[in-house]
Structure formats: C-alpha cells, structure tokens
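Trainee: Here is how the chains run, residue by residue.
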Amino acid sequence: MMVETRHLCKKYGSKTAVDDLNLTIAEGELFSLLGVNGAGKTTTIRMLSCLSTPTSGEAFVSGCNCASQAKEVKRIVGISPQDTAVADHLTVLENLTFMADLYGFSKEKTEQKVAQMIADFRMEEVANQRAKSLSGGWKRRLSIAMALISEPKLLFLDEPTLGLDVLARRELWRVIEGLKGMMTIVLTTHYMEEAEHLSDRIAVMISGRIAACGTLAEIKTAAGAKDLESAFVTIAEKEGAI
Amino acid sequence: MNRIITFSRRNQKEILRDPLSYIFCLAFPLVMLGVMTVLNASIPKEAGMTVFRIENLSAGVAVFGQTFVMLFTALTVSKDRAGSFLVRLYATPMESIDFVIGYMLPMLIISLVQTALIYVVSLIISWIVGTALNPLGLLLSLLTLIPSALMFIGFGMLFGTLFSEKSAPGLCSIIISLGSFLGCIWFDADATGGAMLSICKALPFYYCTRSARSAVALHFTTDGWTIPFLIVSACAVVLIIVSSRVFSARMKADLA
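These protein sequences, in sequence, are chains Z and B. If you're matching positions, the first sequence starts at 1295 in this note's numbering and goes up one per residue. If you're matching positions, the second sequence starts at 106 in this note's numbering and goes up one per residue.
If you're looking for bench data, these hints aren't it; they were derived computationally from the structure. This one's a predicted model, so the numbers in the text were calculated from it and none came from an experiment. Treat the hints loosely; a few may be bogus.
Unchecked claim - Keeping only pairs whose Cα atoms sit at most 25 Å apart, straight-line, the calculated PhoX-like set for lysine-lysine is: (1) B:K357 x Z:K1426; (2) B:K118 x Z:K1401; (3) Z:K1426 x B:K118; (4) B:K357 x B:K184.
Bound-form chain Z, shown alone (with noise of 0.2 Å):
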C-alpha cells in the first residue's frame, strides 16, 4: 500500500476537518478525494504530505508513519497546492532548477530533470519566462512539474484545476493522465466530470468522513445513480449535508 490511514481525525478547536478517516491508496493508483468546499480534502493531504500534524489516528506513506517518520516522507512525495505555488521572479527553467537543487540533485541530474520536465510538460515556448508572466494554466503545469522534479512515488494535487478555463483545464487533464501509472496520484476536487475522467477510485467526502469510496461505477451502483453528479447527490442527502 501506498496511502494507509486508520482513524485518522483532524480537529481545529472545536471543529472536526477530518473525521476517523480510513483510507488505503494502492501504489500506481489515481486517488481522487472528492467533495465540496471545506470536506476536509486538503486537511486529508496536509497531513498525508507532513504539513498538518494529525489529532489523532495514523497516517502513513510507503510504510513510513506521517508523524514520526517525516523526513522519509517528505523523500518520497510531491505536492502541487491549491494556489499556485511558484517564485513569481525565477523564470520557468529557474523554478524547476530551484527545487531540483533543493533536493541535492547533481548537476547532471538536475540538467536532465529540468529538461525531461520541459519536454514532458510542452514548456518549450515559455521554458525561459517569468513565471509571474505565465497564464494560469502554464502556472499549474509549471507548478505540477515542480512537484514532480524530485521523482516522487506519492504526488498530490491539491484542486489542480481550479479557476482554469475549459481548454487549460482539457490540457491538464491531458497532462495528468500521462503521468498515471507512474506513480501513486491523489488528486482533490470538487468538479464531479474531473474525478469522473481521472481517477481509478473516488471517495467522497462529506464533512471530514469519507461517505463513499469505490470506483466510479461501484459509486453510482450503490447510489442507484446513472452519473456521478446524482450519485453525490443522493450520498450527500443521505449524510445529511443537503
């Protein structure tokens, strides 16, 4: 397994994020965490990623406890945020530089990582711009290759599309899709057709727990729904969210 947690809970004062979540990710797989705003999704991959310490419960990656094992982790996983996270005056060769050489890569390595990421993420035209110049959808690709130059085995995109228009959100969708099967990938979102396109299993999470969790067509058989719109639905009714 890739991702386990066992009753994994997040709490901030009074107010629960994530709530006994049990989760098992399978190496290779494209997980998507699926939900509304404040379901508790990027709380789930802060705390898979080291970057929110559990309340309690464990989580862990590649065997390694997300808690007390956090250098380990933090080799081995790659996170794209929410906002796009790049150095607004470095130029796109420059950021992917930057985080190579964060990682000790060798020269060499880092010139072939950096080109590798050029060429696989089509960054030739802009390969030499400002990031603070690039339009949102270079931005995500940029900042998804960032997350990749350091050959994670776990990468999470956090809501990797949003706020993209349709023809960038169709190319990242291209790019995402290339990069299954290499790795372990765990998305979040809350476009439905985006979890329905990508992703090998769903959960859906309502309110910090995990209300189903299944491939796509597991979803909407046990939620007696022809699409994964009206599956949400009617789980979110059942919860009690609606």
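Position chain B against the provided structure of chain Z, taking the given hints into account.
Mentor: Okay, now just chain B, sitting in the frame of chain Z:
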C-alpha cells in the same frame, strides 16, 4: 548548506528582479545623498551645521539605505507566507534554519553592495566638493555597518513573519522614519542635546550612524566607535535570535 545556498539564490533573484528594490534600496538613498550635498552647500559655515557634510552624510545615508533592505526583507518573507510557496517548501526536506539563513544571507549581501555603492558615490562627491574622504575609512565603515545591516534584516524578518503582506511594510515605514530621525541621519542630536539626545541614545539607530561615521573619520575611540559598535552588535544578535525563533515557531504552528 546546499539548501541554504539554493534558497538564498532564489531570494536574491526575487529581489534583484523587482525594479522597486532598485528605486528604494539604491536610487532613493543616492538621490538623498545628492540633495543633501546641494543643501549643505547652501548652509552658511557660521551656522556650524556639519550633519550634511559628506564626511557625515555618507555614513548616515548608508544607514538610511539599510532601512530599505529591512523593508524588502519583510516584503519577501510576508509575500512567501501569504501564498502557497512556503507550503510547497515545507513539504521538501528544508528545515527552519535553512529558511532563516536563506532569507538573511542574500539580504546581507545586498546591503553590503548597497553601502559600497553609496560610499563610492560619496567618494566621488567628496572629490567634487573638495573634502577628500579617506577610502580606508569608507572600507572600515562598510565593515562596521555589518551588525547594523543584520539588525535591520532581523527587524524585517520579524515583521515579515508576524505580519501580513499589507501590514509589514507599514510597520517597516515606522522603523524607517524612526531610524532616520532618531538615528541622527538628518539632524545632529549631539549638538541639540537634552531630552532629544537621551531619546536617540535609548534606541540602537543612533549608534549605527555614530559608529559608521567614526569609522569613516578613522576615529576609533571608545566613545565614538567601540561602545556604539558593541551596542549595535548586541542588538543585531538579539534581533537575529528573536526573529529566527519567531520564524521557527510560526513554521511549527503552520505545520500543526
């Protein structure tokens, strides 16, 4: 060490590629140097006002310039904290010490280059006005100003960590005003005396200017250089420690 250098390089590029940093950190102090030199030429000798003479003005403007390095330190840290950039870096093997030194090191280099340029222009002005400054004095003053630079960087780091992108510059402008006024850059508190001098002496800014001016004049007396230098150094140590601890605590809180 590799991570510190990598992060320092990124911070240095971020600042050097922002045109505003040249306006505030270099152009503005140099304009003040020129304007005050012209003003000095209009002051009659009988007035006995020496604060705008190039031998005093150069060190004052150098300290004035350092206050803007504080502003850009605060802006860089608060901007990084406001967005997700630090979140991304928190998920890498970077530790709090890498962040702290990575922010401070490029600022110190920028501050030293800034002071060096101010002193080169001062030297040229001194040749024009016929008061030849001693290059050795300027070099020693540049070194004397290292603790002062670290103190202002510490202030910037502290404000950038504690306050938002919008509030931090406002607080820095208070320190810039206090530093330039109570640091006796634009007036001579020693000549004024009284309560004003006592207030100036109660704050570190006065000692920054005093030690730097003494070094320019190669006047290394206990009262003129040693004590002010030690006071500024002590303040720098305190601010560096406090700002580092506050940053680490904030980082810990962010990861809670």
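Trainee: Now tell me, hint by hint, if it's right for this structure.
Mentor: These are the hints, each one checked on the structure:
| no. | hint | result |
| --- | --- | --- |
| 1 | B:K357 x Z:K1426 | 29 Å, violated |
| 2 | B:K118 x Z:K1401 | 19 Å, holds |
| 3 | Z:K1426 x B:K118 | 13 Å, holds |
| 4 | B:K357 x B:K184 | 18 Å, holds |
Violated hint: 1 only; the structure is consistent with all others.
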